[in-house]
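Chains as they are written, first to last, in the working numbering: chain A, 1 to 361; chain B, 1001 to 1134; chain C, 2001 to 2389.
I should point out that these hints are in silico values taken from the structure, not numbers from a laboratory.
Keep in mind that a hint or two might mislead.
To be verified - Below, a list of computed lysine-lysine pairs in the PhoX-like style, where the Cα atoms sit at most 20 Å apart:
#	chain 1	residue 1	chain 2	residue 2
1	B	1134	A	77
2	B	1083	A	345
3	B	1083	A	101
4	B	1083	C	2100
5	C	2100	C	2224
6	B	1134	A	116
7	B	1015	A	84
8	C	2224	B	1083
9	A	77	B	1083
10	A	354	B	1051
11	B	1015	A	101
12	B	1114	A	356
13	A	356	B	1072
14	B	1055	B	1024
What the hints assert, rightly or not - Not the full set, but computed from the structure, chain B residues with beta-carbon under 8 Å of chain A:
#	residue
15	1018
16	1095
17	1126
Just so we're clear, the structure is a prediction, and the values are computed from it rather than from any experiment.
Even for Gly, the Cβ is constructed at its ideal location relative to N, Cα and C.
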Amino acid sequence: MKALFTTPIEKLLTKMSGLASILGWGAYIPIYRIETAEIARVHTKGGEKAPIQRKSVPGPDEDSLTIAYEAAKNALKRAKIDPKLVEALYIGSESPPYAVKPSATIIAEALGFSRKLFGIDMEFACKAGTTAMISVVGLVNSGIISYGMAIGTDTAQGRPGDELEYTAAAGAAAFLISKTRKDAAATIEHVVSYVTDTPDFWRREGEKFPMHTFRFTGEPAYFHHIENAAKLLMEEAGLKPSDFNHVVFHQPNVKFPQRMGAMLGFKPEQMKLGLLSNEIGNTYAAASPMGLTNVLDNAKPGERILVVSFGSGAGSDALSIVVEDGIEERKGLARPTSYYLNRCKLVDYAVYLKYKGFILR
Amino acid sequence: MAYMRSVPRAWRERKIKYQLLGGKCKDCGKSFYPYRQICPVCGSTNVEQVKLPEKGVIEYFTIVRTPPTEFKEYAPYVLAIVKLEDGTKVLAQITDVEPNEVYEGMEVEAVFRKYREQGPNGIIEYGIKFRPVK
Amino acid sequence: MSKVYVAGIGATKIDEHWEKGIRDLMVEAALNAIKDAGIEKKEIEAIFVGNMSSGYLQGQEHLGSLLATWLGIPGVAANKVEAACASGGAAVHNAFLAVKSGVYDCVLVVGVEKLTDAITSDATDALIMAEDQEYVAFTGASFVALNAFVYKAYMKKYQAKQEDIALFAVHDHKYAANNPLAQYPKPITLEEVLKSPMVADPVRLLESAPLGDGSAALVLCSEKKLKELQNGDVLVELAGSSLSTEIFSVHDRTDLTSIGATVKASRKAFQMAGVEPKNVNVVEVHDAFTVLGVIHLEDLGFAERGSGWKLLKEGQLEKDGKIPTNTMGGLKARGHPVGATGVYQVYDVVTQLRGEAGKNQVDGAEVGLTQNVGGVGGTVAVNILKRVR
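So here's chain A without its partners, still in its complex pose:
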């Protein structure tokens, strides 16, 4: 085993608290969008009010792997380290291009990571990204590795004509995780995960589209798990809602996270930066991670962030993150989440179907 500390800076920072630090962060959203009004035009002739304004659509040459690649590249730029030092790549997704063959192997090769690598793709619906983060935190904190990357990425499939079609979107968020250090962007101080057997949304092996249970996905699923994970974390860490400057919830639409925030005692200003679903839809495993990247793009040293994801099946990960001094110099090293949020090429429903491969030639 090589020495745990390699630079003088890291030697100085050995006595910091926290589990691990985020050295670099990055997001990516495909350029294409479809307005939910356009989807409604086809299926309900405008009869139904959609839960969001518009959602992102992957281009025909994109998949959850290529999308994750760019987010990872942005995170690497901010981390300012040699890719060869990265020894873990954990990818959370429910739409990998291969059912068997992890995207982690291809992205690691493409970005030039070490071959001495802990690599894997993992699935837990929309919380797979945060679970990937926590797993990498574990590897770093235990001293097994010094640098690891966690990515949440999806090109979610909505069954045409189904409710979820309005929100199933595409995007990725990536985090380069290191040992705790003051010149990092932020430090993950506490993590908690709360999991039960709750079948609110699932996809059987071999099926193309998932099934969901309408109203059952609300209270017994989304709200129950986020509430429990958030409360558990705050109890264990001795924190209350007012201790946080920002809070990010999983965002399958706009109403759910807003209601969740109110229920837990958070104010709308705390939720503002972390809520992107109206513009881009539900990016599934990237949803709350991308809310986090948008917060980090704008956060100040010393601020505290709460991230609570929700993955159907079901479970919630909660992370408490404190922003470090190092964030200011890292922000400008790569494109911010807002760059991708603001790029928007609208497509109509026919082109949308073509890009998603539903129209076979």
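With chain A's structure known, arrange chains B and C on it following the hints.
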């Protein structure tokens, strides 16, 4: 056809395609893509493998309307000779753009995308395309 | 070393030959050439078959041996020659070397291609194999797309207009109308060309050589063999034959408006034949796309750089012009069964030198040149023929 389904063939070139690795001839100074051991201009074996710049400019472009078989679903698409910042010329597709938005001299940057699949059951071949810089 | 003579020529019509397979086409052309030469089949000592895609499109390799058996002469030396679309010219070159060296006295060259066994996209796949599979075909490039870059580069560098360059197609069709072997023996107008669908901008469908099937053959013989033959009044010598290559991929070249291999191959051939461009009476250039026809004329030395397109407008390419070009229809209208084209070009020139070109006849034609290109100029074969009697 058998050659299209070859996994080893695609596998052995992947690093060059994923990372846009070119060759720089230490004798005549010419830079080219892909990397190869012998300089195509002066024949020297004094060639260094280099990671090429990711930004460039479209020198010439065309729109492919009668594509080869595995590209049928993407047609019409834009194909261009891109001149990178260091002068190296690369042949690649231009993506995230409508054919009528492309022009000679357009500034572009490298992105990692799917190029083709060895059939619906086969492996996916990824590579570098370019998109407009905004 | 021996002089090389064209003892006989033969060819099939170029068409979508649904009823004829690759074997049938090869045999038909070969038998025609053998008959024209006035020899018995068993006098042939070696066969060179020029073809590009029999493996991919027909699942058939080993064409040399296949033809030897199907001609009823198994036992002779035979092999396939491949240089993409220059396979025919390369096969002629190989046959030339065989006879010139003195090793063989009587050689058969057959060019053949059967593109219509496949659907258009399969043919597109086959043709792009002339280019780099890993870094050019991989990007979704079609052969037309690569030539589109050349077209744009030429127009930009010399301020040339598409409507002037596209006249090449009109020219070809005019002459194909008098060629019974041509695939499209029917005139077309410039307007029709410019209004035809775009294939890869700016190349239009009617500026591109068509897909078709055909086979052409030659019997080449040595001086020694010639003495045995009662061959007719006219005798044509294959006086110069050369092959040259160029930097393989278009994007690696500095100047897209010139093909170095044409310059090199033609200089070698001119020297070998002891002639200069001004001595040439009839030319067959490889106009797979209209702009290429123009560029080839410049590279061969028949026009100033950047002025090739002017020759069309001035009528200099006509049979009574300064440099009669593609007087039997060229690739665009006579046709372009890829591997056979190089041999068809020689067939067309010999027809002119023998005075058998009918309405297309160039008066007093004595020296002819053929230029056959593989890929976007990766290989160029130049053959120069002289009437010696």
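Okay, the hints, checked on the actual structure:
no.: 1; hint: B:1134 <-> A:77; in the structure: holds, 19 Å
no.: 2; hint: B:1083 <-> A:345; in the structure: violated, 26 Å
no.: 3; hint: B:1083 <-> A:101; in the structure: violated, 35 Å
no.: 4; hint: B:1083 <-> C:2100; in the structure: violated, 46 Å
no.: 5; hint: C:2100 <-> C:2224; in the structure: holds, 11 Å
no.: 6; hint: B:1134 <-> A:116; in the structure: violated, 37 Å
no.: 7; hint: B:1015 <-> A:84; in the structure: holds, 14 Å
no.: 8; hint: C:2224 <-> B:1083; in the structure: violated, 57 Å
no.: 9; hint: A:77 <-> B:1083; in the structure: violated, 24 Å
no.: 10; hint: A:354 <-> B:1051; in the structure: violated, 35 Å
no.: 11; hint: B:1015 <-> A:101; in the structure: holds, 18 Å
no.: 12; hint: B:1114 <-> A:356; in the structure: holds, 14 Å
no.: 13; hint: A:356 <-> B:1072; in the structure: holds, 15 Å
no.: 14; hint: B:1055 <-> B:1024; in the structure: holds, 17 Å
no.: 15; hint: 1018; in the structure: holds, 4 Å
no.: 16; hint: 1095; in the structure: holds, 6 Å
no.: 17; hint: 1126; in the structure: holds, 7 Å
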